[in-house]
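There are 2 protein chains.
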Amino acid sequence: MQRIYVGALIESDLTQLISDLRPSKIAVLTDENTYELCLPFVMNCVGGLEAAEIIQLEAGEATKDLEMAANLYSLLSDYEFGRRDLLINLGGGMISDLGGFVAATYKRGIAFINIPTSLLGMIDASIGGKNGVNLGELKNQVGTITFPGKTFVDPVFLTTLPEYEMLNGFAEAIKHGLIASESLFTSLSALNLNDVSSDLLMEIASVKLQIVEKDPNETGLRKVLNFGHTFGHALEGALMKDHAISHGHAVAIGMLIESKLSFDRGLITQDDWNRIAALLLKHYTIPVMTEEERENFSQLLRNDKKNRDAKVLTCLLTSIGSCIYDQEVDAKEFLKIYDELRASI
Amino acid sequence: MQRIYVGALIESDLTQLISDLRPSKIAVLTDENTYELCLPFVMNCVGGLEAAEIIQLEAGEATKDLEMAANLYSLLSDYEFGRRDLLINLGGGMISDLGGFVAATYKRGIAFINIPTSLLGMIDASIGGKNGVNLGELKNQVGTITFPGKTFVDPVFLTTLPEYEMLNGFAEAIKHGLIASESLFTSLSALNLNDVSSDLLMEIASVKLQIVEKDPNETGLRKVLNFGHTFGHALEGALMKDHAISHGHAVAIGMLIESKLSFDRGLITQDDWNRIAALLLKHYTIPVMTEEERENFSQLLRNDKKNRDAKVLTCLLTSIGSCIYDQEVDAKEFLKIYDELRASI
Numbered sequence: 001m002q003r004i005y006v007g008a009l010i011e012s013d014l015t016q017l018i019s020d021l022r023p024s025k026i027a028v029l030t031d032e033n034t035y036e037l038c039l040p041f042v043m044n045c046v047g048g049l050e051a052a053e054i055i056q057l058e059a060g061e062a063t064k065d066l067e068m069a070a071n072l073y074s075l076l077s078d079y080e081f082g083r084r085d086l087l088i089n090l091g092g093g094m095i096s097d098l099g100g101f102v103a104a105t106y107k108r109g110i111a112f113i114n115i116p117t118s119l120l121g122m123i124d125a126s127i128g129g130k131n132g133v134n135l136g137e138l139k140n141q142v143g144t145i146t147f148p149g150k151t152f153v154d155p156v157f158l159t160t161l162p163e164y165e166m167l168n169g170f171a172e173a174i175k176h177g178l179i180a181s182e183s184l185f186t187s188l189s190a191l192n193l194n195d196v197s198s199d200l201l202m203e204i205a206s207v208k209l210q211i212v213e214k215d216p217n218e219t220g221l222r223k224v225l226n227f228g229h230t231f232g233h234a235l236e237g238a239l240m241k242d243h244a245i246s247h248g249h250a251v252a253i254g255m256l257i258e259s260k261l262s263f264d265r266g267l268i269t270q271d272d273w274n275r276i277a278a279l280l281l282k283h284y285t286i287p288v289m290t291e292e293e294r295e296n297f298s299q300l301l302r303n304d305k306k307n308r309d310a311k312v313l314t315c316l317l318t319s320i321g322s323c324i325y326d327q328e329v330d331a332k333e334f335l336k337i338y339d340e341l342r343a344s345i
Numbered sequence: 001m002q003r004i005y006v007g008a009l010i011e012s013d014l015t016q017l018i019s020d021l022r023p024s025k026i027a028v029l030t031d032e033n034t035y036e037l038c039l040p041f042v043m044n045c046v047g048g049l050e051a052a053e054i055i056q057l058e059a060g061e062a063t064k065d066l067e068m069a070a071n072l073y074s075l076l077s078d079y080e081f082g083r084r085d086l087l088i089n090l091g092g093g094m095i096s097d098l099g100g101f102v103a104a105t106y107k108r109g110i111a112f113i114n115i116p117t118s119l120l121g122m123i124d125a126s127i128g129g130k131n132g133v134n135l136g137e138l139k140n141q142v143g144t145i146t147f148p149g150k151t152f153v154d155p156v157f158l159t160t161l162p163e164y165e166m167l168n169g170f171a172e173a174i175k176h177g178l179i180a181s182e183s184l185f186t187s188l189s190a191l192n193l194n195d196v197s198s199d200l201l202m203e204i205a206s207v208k209l210q211i212v213e214k215d216p217n218e219t220g221l222r223k224v225l226n227f228g229h230t231f232g233h234a235l236e237g238a239l240m241k242d243h244a245i246s247h248g249h250a251v252a253i254g255m256l257i258e259s260k261l262s263f264d265r266g267l268i269t270q271d272d273w274n275r276i277a278a279l280l281l282k283h284y285t286i287p288v289m290t291e292e293e294r295e296n297f298s299q300l301l302r303n304d305k306k307n308r309d310a311k312v313l314t315c316l317l318t319s320i321g322s323c324i325y326d327q328e329v330d331a332k333e334f335l336k337i338y339d340e341l342r343a344s345i
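Those sequence lines, one after another, are chains C and H.
Just so you know, our numbering puts the end of the first sequence at 345, numbered straight through with nothing missing.
Just so you know, our numbering puts the end of the second sequence at 345, numbered straight through with nothing missing.
The following block holds chain C by itself, in its conformation from the complex (with noise of 0.2 Å):
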């Protein structure tokens, strides 16, 4: 199951969990920015890594593909790396979801640790063993389920992050309070982003790894992680052509929609939505679509993987803090309440 540490890394077991695994070979997957920015700080606080291979990628989504997963494998073969060697992903999603990937099949699968160093790594990412790589616009269609061998959370990377990266992980923080808590909802509506506790990190990271811990295979209760997904990951595949946004805010404009939809269907009431709508576009414009996009859209949302019987599914609450999924919904009834808070702004 999931093992976490959040806190100071140097304060963490890590040098003593490599000398305990016992790997002959370490590779250390990083992107330009946190090769630049994170890795020294590593290299510092954890013992074992001299000899460890240094895989740098290009930062962003784009790099997330099969044919970079390729790459990593060919990387690992010349390294001669065997079932037993290690991959310390150190990055953001991508690096964790592409290096999950990649070490859940070299192989059959080798030893994997994450230090996620954005924050929706550390929320979200990291936890869960969900990893993947997109295939074209499709996000996250090849993938498993593996967990790492630890996920290690320091705050101290947050500093490391740009506002819109910052943004990026909020929504997904922001999901957790409106799916599960109350409070957190509350102390997030509150919080000032350059101020981000291990305390409040633990408070947000334990709602995703509670409901994981319950349902590990997304058979049920874990379909609730998906809120604000339906809408978001076809909206953020829709525009990702010409106009990209980031998951988080693509994710928070469709928990804007799925929580007008709740509203709409009865299921929560007038003070939920206008104190989640206040929280939202504080930090998130709509972005438009163009006709192009919007057929894009309705065809992404028919591929959705959480689809079932060629039924477009969704999550929904039933108030801030509880929510239920499986909801029927189409592509109309999405583009008729994103035309309707369009044009209300």
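Note that these hints are calculated values from the structure, not bench results.
The structure presented is a predicted model; accordingly, all values stated were derived computationally and were not measured.
One should not assume that every hint holds.
Note that the list lumps identical chains together, so a pair holds whenever it fits in one copy or between two copies.
Claimed, not checked - Once the Cα atoms are required to be at most 25 Å apart in a straight line, the calculated PhoX-like pairs of lysine-lysine come out as:
#, residue 1, residue 2
1, 25, 241
2, 260, 150
3, 25, 311
4, 214, 260
5, 214, 25
6, 25, 306
7, 311, 332
8, 223, 25
9, 150, 306
10, 336, 311
11, 241, 150
12, 282, 150
13, 241, 223
14, 241, 260
Given the coordinates of chain C, assemble chain H onto it according to the supplied hints.
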């Protein structure tokens, strides 16, 4: 865990199983041979496949790579396959390895069923949950361990196989005798390959089933299934470019070399060695390796998935029917035995 049926397909519960799974879409993965020789039979025996998408691949191990996996992901996406939909792998080891990998990783895993049509598929590739694709010359370098919903073994399909393909599977059958059952080895020494019964198939498959059940993730015991494969895999890879031989042929020669090494180390008797050599050399010849292929062989050996701490590890016999694993060896020792045996024939 693994569910397997051995007997006439028409008397099996496959139709019921499909009906229970309630997939909204089904795809059947075939190669050009099974499309022609096996698919019509399956369509006649099994209900619920009328609307299935039929995918036909080029036969042969060269098809089993990441590029083909990517094509299949795209195809399933085009079919709007969801997580509850079903892939049926109808073919030999190539089809179940590739189809199993794609099913295990498409949208983080969809349901799949194996109908092996080759002897190798029936007694080996379809059992144990291992899947994978090749990375250049590196066999099954990328894959997972994921069990099919069920495997259906009907000996009728063996009548569609050329002798070459029977011998390909027969090597693994001999392996099952050598590592676990002297009585099975004795039966196989006297077998007419045109007359393989359901009962014998069940006996051969049971060896692997029992081992895999005790050790699904290959932490220990399961490694004995790699007997013949340390030398065999490297040989297969080394010859692939210019003098390709079948996997089974390579494993047969691998078993010959590793049995001789067992004898040279005093682990098995002269009589055991004589019996093993007699059966293997009755069906299989020792191929020549060029200088370049010998170098390639040594390089591939160093990259073997079973290695640890950069040491080459192999299985050895302690008698016919008993095997140990994690025994150190090096390329020189292997090649010395290979040269001796080549010279003696």
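Measure nothing new, just compare the shortest in-copy and cross-copy C-alpha distances for residue 241 and residue 150 to 25 Å and report within, between, both or neither.
Neither: 35 Å inside a chain and 41 Å across chains, both beyond 25 Å.
Taking 25 Å as the upper bound on the Cα-Cα distance, should residue 150 and residue 306 be classified as within, between, both, or neither?
For residue 150 and residue 306, only the inter-copy Cα distance (24 Å) is at most 25 Å; the intra-copy one is 28 Å.
Can you tell me if residue 25 and residue 311 fall within 25 Å by alpha carbon in one copy, between copies, both or neither?
between (47 Å within a copy, 13 Å between copies)
How do residue 214 and residue 260 come out at 25 Å by Cα distance, when the copy is not named: within, between, both, or neither?
neither (28 Å within a copy, 52 Å between copies)
When no copy is named, should residue 223 and residue 25 be tagged within, between, both, or neither for a Cα gap of at most 25 Å?
between (37 Å within a copy, 22 Å between copies)
Within, between, both or neither: how does the pair residue 241, residue 223 come out at a Cα-Cα threshold of 25 Å?
neither (28 Å within a copy, 47 Å between copies)
Should residue 241 paired with residue 260 be assigned to within, between, both, or neither, using CA atoms and 25 Å as the limit?
neither (27 Å within a copy, 61 Å between copies)
Should residue 311 paired with residue 332 be assigned to within, between, both, or neither, using CA atoms and 25 Å as the limit?
within (13 Å within a copy, 60 Å between copies)
One pair to classify: residue 214 and residue 25, alpha carbons no more than 25 Å apart. Within, between, both, or neither?
Neither, since 34 Å and 29 Å both go past 25 Å.
Evaluate residue 282 and residue 150 at a C-alpha cut-off of 25 Å and name the case that applies: within, between, both or neither.
neither (35 Å within a copy, 52 Å between copies)
With identical chains treated as interchangeable, where does the CA-CA distance between residue 25 and residue 306 reach 25 Å or less: within a copy, between copies, both, or neither?
between (38 Å within a copy, 15 Å between copies)
I want to check one pair: residue 260 and residue 150. Are their C-alpha atoms no more than 25 Å apart within a copy, between two copies, both, or neither?
So residue 260 and residue 150 fail the 25 Å test inside a copy (38 Å) and across (44 Å) alike.
The earlier numbered hints that this structure contradicts are 1, 2, 4, 5, 11, 12, 13, 14.
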